[in-house]
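Number of protein chains: 2
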Amino acid sequence: MTGWVRIAGLGPGDDALITPEVSDVLTQATDIVGYIPYVKRIANRPGLTLHASDNRVEIDRSQHALEMASEGRKVVVVSSGDPGVFAMAAAVFEAVEAGPAHWRSLDISVLPGITAMLAASARCGAPLGHDFCAINLSDNLKPWRLIEKRLRLAAEADFAMAFYNPRSKSRPEGFVRTLDVLKHACNDTRPVIFARNVTRPDEQIRIVPLPDATPDMADMRTMVIVGSSRTRIITRDGAPIVYTPRSTPE
Amino acid sequence: MTGWVRIAGLGPGDDALITPEVSDVLTQATDIVGYIPYVKRIANRPGLTLHASDNRVEIDRSQHALEMASEGRKVVVVSSGDPGVFAMAAAVFEAVEAGPAHWRSLDISVLPGITAMLAASARCGAPLGHDFCAINLSDNLKPWRLIEKRLRLAAEADFAMAFYNPRSKSRPEGFVRTLDVLKHACNDTRPVIFARNVTRPDEQIRIVPLPDATPDMADMRTMVIVGSSRTRIITRDGAPIVYTPRSTPE
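Chains as they are written, first to last, in our numbering: chain A, 1 to 250; chain B, 1 to 250.
Heads up, a few of these hints could be off.
What the hints assert, rightly or not - When the alpha-carbon atoms are kept at most 30 Å apart in a straight line, the in silico DSSO-like pairs for lysine-lysine are as follows:
1. B/Lys142 with A/Lys149
2. B/Lys183 with A/Lys149
3. B/Lys183 with B/Lys169
4. B/Lys149 with A/Lys183
Treat the hints as calculated values from the structure; they're not laboratory data.
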């Protein structure tokens, strides 16, 4: 048996957002590797082994997947959202680069998924409808000053911004600083979207003007989207629509 | 019959990347509205009317969809990729905001799809594996100087960059200038990915160091991804892997 690794995106939570490409590869796998809550989303069946592991062991998990594929197993590494956006794909390739030479000959590919920012954007309208950036606010793997520099430059560029991992119990201060930086740099009332557990049954969406955004509105299950200076709100009965127009006048 | 509008993403080309949510809504539609090549992807059936229109008539097309929904039709506006990323969602909401008040009461929602940059990224590894930005290089709807400003700031922020609509016959000069700006601003050999017709049978992927990138490598069917200063290439037999590591050292 020739082994392989597929790094597959399960989307933000709703199974109706899993692509047929990913569903198909899950039926072919002998082993599923991933963070506990993502592996829980996979139905077990005879011939399939589930390997769930805790957070922050992405390299161990990647090495395990690559070792199993070397032994002929058909391994799917599952990620939430899209595996290429702040998820498992980069971790697997870090492990490949640092690992034994024969890992480079393995059949490895990435299967895209619906990443959280695009699901959250869809739920509110089209806040990312024009130029935007995506920033991981966790400073576990990069210095805080780099995050702050990117925030200031993104505001100057007038990008809409999508923030992954805005806040955790072990990093309560970063999002406080993020909001401070943005309130000063933007100095307007552009909308901020807090989309928690997007597409799941307990989804919560909150839209507030930037000056009213407070750190407690986000946790690790929240996707935060900040509009550009051009982002608009359409009020109506029910949830407002937030969108960024396609054009910027001369 | 109560009408509605669904703005749905068909993904980059391969039908295995269309979400079940989108496939399901296509079976419920009475009318499909969209740009000719996207509408061609929809199988016709009794009870379904296909309304294909040319490029650059996004507002007319949006108004048509909203009018039909007001009359009780079930209308799917189809986009390539994700409708919220340089596609039809923003156009529909522009039409809603400028249109008659009763359009705001319509049942309108956006169904996300796999956007081209994430499909292209998956095909090459994980070049967008850390902080990145997405820029539409067309200056049809915004001044060129804003694009150039964003390019300079994105290079300074050390974002990986994904470029939509890099070049067309009517705008041959913009991508020439884009490469000039980046070569000066980045001044290194980071990889540039040209992904044409990604996930289609005639897909072509080309990876070159930034100094070797030339304008003729892109056209309107090409997604361009430029790495950050940290982006790496893993060489091996067959296609190399391009990825951006998750960490930036202090």
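Here's how the hints hold up against the structure:
no. : hint                   : verdict
1   : B/Lys142 with A/Lys149 : holds, 26 Å
2   : B/Lys183 with A/Lys149 : holds, 22 Å
3   : B/Lys183 with B/Lys169 : holds, 23 Å
4   : B/Lys149 with A/Lys183 : holds, 22 Å
In this structure, none of the earlier numbered hints is contradicted; all agree with it.
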